[in-house]
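Chains as they are written, first to last, in full-length UniProt numbering: chain E, 1 to 246; chain D, 1 to 246.
Since the hints were derived computationally from the structure, they do not count as laboratory data. It is possible that some hints are incorrect.
Chain copies aren't distinguished; within one or between two, either way the pair holds.
Using 25 Å as the maximum straight-line C-alpha spacing, the simulated SDA-like pairs for lysine to any residue come out as follows [what the hints assert, rightly or not]:
hint	residue 1	residue 2
1	Lys95	Arg136
2	Lys76	Ser175
3	Lys213	Glu66
4	Lys111	Pro80
5	Lys161	Gln150
6	Lys122	Pro8
7	Lys213	Arg119
8	Lys95	Trp129
9	Lys95	Pro128
10	Lys134	Asp10
11	Lys76	Gln150
12	Lys122	Ser13
13	Lys76	Gly225
14	Lys134	Ser28
15	Lys213	Arg77
16	Lys76	Arg176
17	Lys95	Arg40
18	Lys98	Ser13
19	Lys161	Gly204
20	Lys95	Ala173
21	Lys98	Leu141
22	Lys95	Leu55
A quick note: this is a predicted structure, and the numbers were derived from the prediction, not measured.
There are 2 protein chains.
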Amino acid sequence: MNLILLEPGDFLSSDSAPDIAPDTVRISGRRYQHIIEVHRAEVGDTLRVGLLNGLIGDGEVIEHREGHIALQVSLKRESPAPLPLTLILALPRPKMLKRTLQNATALGAKKIYLINAYRVEKSYWQSPWLAASKLREQCVLGLEQAVDTQMPEIQLRKRFKPFVEDELPTIAADSRKLVAHPVTEQPCPVDIRQQTTLAIGPEGGFIPYEVEKLQEAGFESVHLGPRILRVETALPVLLSRLFPSN
Amino acid sequence: MNLILLEPGDFLSSDSAPDIAPDTVRISGRRYQHIIEVHRAEVGDTLRVGLLNGLIGDGEVIEHREGHIALQVSLKRESPAPLPLTLILALPRPKMLKRTLQNATALGAKKIYLINAYRVEKSYWQSPWLAASKLREQCVLGLEQAVDTQMPEIQLRKRFKPFVEDELPTIAADSRKLVAHPVTEQPCPVDIRQQTTLAIGPEGGFIPYEVEKLQEAGFESVHLGPRILRVETALPVLLSRLFPSN
Chain E
1 MNLILLEPGD FLSSDSAPDI APDTVRISGR RYQHIIEVHR AEVGDTLRVG LLNGLIGDGE
61 VIEHREGHIA LQVSLKRESP APLPLTLILA LPRPKMLKRT LQNATALGAK KIYLINAYRV
121 EKSYWQSPWL AASKLREQCV LGLEQAVDTQ MPEIQLRKRF KPFVEDELPT IAADSRKLVA
181 HPVTEQPCPV DIRQQTTLAI GPEGGFIPYE VEKLQEAGFE SVHLGPRILR VETALPVLLS
241 RLFPSN
Chain D
1 MNLILLEPGD FLSSDSAPDI APDTVRISGR RYQHIIEVHR AEVGDTLRVG LLNGLIGDGE
61 VIEHREGHIA LQVSLKRESP APLPLTLILA LPRPKMLKRT LQNATALGAK KIYLINAYRV
121 EKSYWQSPWL AASKLREQCV LGLEQAVDTQ MPEIQLRKRF KPFVEDELPT IAADSRKLVA
181 HPVTEQPCPV DIRQQTTLAI GPEGGFIPYE VEKLQEAGFE SVHLGPRILR VETALPVLLS
241 RLFPSN
């Protein structure tokens, strides 16, 4: 937790506590535990904080009672620039989904579509980790790790064909369209400096029909060399290659 | 398991089985289970195989009995080129160590030093995952994932200062020397096409004294932008940025 991510509800309103300044937050639960046990913060210490979808700054510990801590916060800096990216990701297996969402968020992805594909096992769509609150939890972990405040937007699409035919052309309009595919001639471009829509297949890859449908939608197939990487490794490799300056 | 990694002992010698060709292997255990349960291979099917530290090719299933399978192999292709890299990695926590070694191996690192640093918890050095056989297991998983056969060499160094002062100058001689460090001016270079020694700190980073010692040994500090990434994510990001053509 390199950033304590604050939400509007953490701020003490001057109505309920007229003697407390409006820039004061009170934190309990998971963040409190982390501040006490890992940061070992005491009154007078300063922590890095950020407001969800807002600015980043400092929070000074002004009170510590059993079960909660109060910080006086000062928010000044913008969060890091988002990647110019829309990510289209075949739904990974639940365990990998968590890490992949944390990673994608930490790397600065802000628009993520989790889609179906032939090699996505049907059971993955039943995972409790696909509940909006659970997806959000993973994104929060990614933001806290990367010192970012801008929550990604995640969409689920359980049908490949209507998504690619009807929705993807609009989503990917005016962007460079790439699909990571091991069996192709063209290497992944480096430092492309343009808005990009990147599709990544499931374990075992997209099947030829799916690659064809993506190509019909204007996607170029690109590879990452002879090595076959897991999605959770391929994702940082791809994003680092496409956007090394971000 | 995108490659069935074979060892010399898997080959049936013509002495013990005079009616069997010398290019035949017999496989049981973990690899057998995977071939049967995941690949669902049957007699006549062809699998991708590679000989440890040797060539890659095909293996045709010629026999399947309860508990083992026999393949007739034909090895032709070289394994993918290694990265021109020596990796100096502050020992990660055990859970992250496993993934990081798998990733480093899958990405093509062949020389890895796991070293101590101030922010490496002492208990990590007691981890059973540091046994040579356990380190090797993680590397095997990385090779099987990435379709590679060349086993990385891993060295453990429990004392930072003597390593950096006495050993590192020789290890890093004639290479570009980089240390990933968030608090620095210089961004990580892209596509450097030269032999490189890359040092990566623990969670929380190297302390200033350690960065100074590395700088005295000729290392340049480079950063990955404003985002702070976990080691397991920073590693593929760094390697992809330094060597996008590998």
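Here is what the structure says about each hint:
1. Lys95 <-> Arg136: both (15 Å within a copy, 24 Å between copies)
2. Lys76 <-> Ser175: neither (32 Å within a copy, 41 Å between copies)
3. Lys213 <-> Glu66: neither (58 Å within a copy, 42 Å between copies)
4. Lys111 <-> Pro80: within (15 Å within a copy, 34 Å between copies)
5. Lys161 <-> Gln150: Answer is neither: 30 Å inside a copy and 41 Å across each miss the 25 Å cutoff.
6. Lys122 <-> Pro8: The answer is neither: 38 Å in one copy and 40 Å across copies each exceed 25 Å.
7. Lys213 <-> Arg119: within (15 Å within a copy, 49 Å between copies)
8. Lys95 <-> Trp129: both (9 Å within a copy, 21 Å between copies)
9. Lys95 <-> Pro128: The answer is both: 11 Å in one copy and 24 Å across copies each meet 25 Å.
10. Lys134 <-> Asp10: Cα proximity of Lys134 and Asp10: one copy only (20 Å, versus 45 Å across).
11. Lys76 <-> Gln150: within (15 Å within a copy, 50 Å between copies)
12. Lys122 <-> Ser13: For Lys122 and Ser13, neither the intra-copy (47 Å) nor the inter-copy (45 Å) Cα distance is at most 25 Å.
13. Lys76 <-> Gly225: The answer is between: 19 Å across copies meets 25 Å, while 42 Å in one copy does not.
14. Lys134 <-> Ser28: Within one copy, since 19 Å is at most 25 Å while 40 Å is not.
15. Lys213 <-> Arg77: neither (43 Å within a copy, 32 Å between copies)
16. Lys76 <-> Arg176: neither (34 Å within a copy, 38 Å between copies)
17. Lys95 <-> Arg40: between (30 Å within a copy, 23 Å between copies)
18. Lys98 <-> Ser13: Neither. Shortest intra-copy (35 Å) and inter-copy (46 Å) distances fail the 25 Å Cα cut-off.
19. Lys161 <-> Gly204: within (19 Å within a copy, 45 Å between copies)
20. Lys95 <-> Ala173: For Lys95 and Ala173, neither the intra-copy (32 Å) nor the inter-copy (41 Å) Cα distance is at most 25 Å.
21. Lys98 <-> Leu141: both (10 Å within a copy, 21 Å between copies)
22. Lys95 <-> Leu55: This pair counts as neither: shortest intra-copy Cα distance 31 Å, inter-copy 33 Å.
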